[in-house]
Amino acid sequence: MFSRFDYIYSEPESVGIMSEESKKFGAQYDANVYSSYRKDTPIELIEKIIAFLKEKVPEPLETAVDVGCGNGQSTVILAPYFKRVHGSDVSEAQIEQAKAARSLSNVTYAASEAEKLPFDDGSVQLLTAATALHWFDLDTFLPEARRVLCVNGVMGVYGYLNMKPLLDDPARATEVNELFIEYNKALEPHHVMSRVSLLQNRYKDVKFPFEEVN
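As numbered in the UniProt record's numbering, residues 1 to 214 make up the sequence shown, in order.
These are computed hints drawn from the structure, not numbers from a lab.
Please note that a few of the clues may not be correct.
What the hints assert, rightly or not - 30 Å max Cα-Cα, derived DSS-like pairs, lysine-lysine: (1) K185 to K116; (2) K99 to K48; (3) K204 to K48; (4) K56 to K204; (5) K204 to K185; (6) K54 to K116; (7) K207 to K116.
Work out the full structure: start from the sequences and follow the hints.
As structure tokens, this is what we get:
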């Protein structure tokens with residue numbers, strides 16, 4: 001089971017280097033396995049982001065960019081709302097998986113670093129990052145995101161966390177809690193915990209250079 005959350009940021013009118021951990025992720029991860037087990041983005045979340053965006057920028061919506069797009073699950077869901085949607089990821093394998101499994105006429109994919117977005121200044125209405133932000137070099141990525149967003153453009157970042165079931169039986173609840181502790185300990189050697197903790201804290205520790213909208 002998973003819980004999801006979203007932080008939506010709007011670029012006010014007044015207003016690349018990919019981390020080594022991200023490169024390692026892209027080189028070692030099996031894109032096919034990832035595609036099989038990664039949860040899809042809830043349409044309700046995207047509808048909420050789009051509704052907010054439409055309050056900020058005039059329609060029709062032109063361009064959305066999904067950074068750290070992986071296999072494209074979080075990219076194609078944007079396609080009905082935009083003239084153009086671009087998914088980028090540091091992993092060539094993930095991009096090939098996205099092209100093979102999630103191609104649409106208005107969706108393109110390319111391997112590129114989050115910290116070096118190949119878009120003109122102010123050319124993007126929506127920039128998203130789905131369970132990916134914590135892998136970026138934030139000191140470089142956040143100014144880059146601000147650069148490509150148009151006036152009143154929106155950055156929506158979100159992710160999912162493991163969620164413990166609520167059980168009425170205290171004994172069973174204790175057993176389940178112990179299983180979760182064991183599970184998380186098993187994963188620790190494979191995680192860069194300083195980065196994963198950003199996600200676990202729901203990105204509250206990230207200093208976004210945007211107006212926050214909950």
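* Where does the structure disagree with the numbered hints, that is, which hint numbers, in rising order? -> 1
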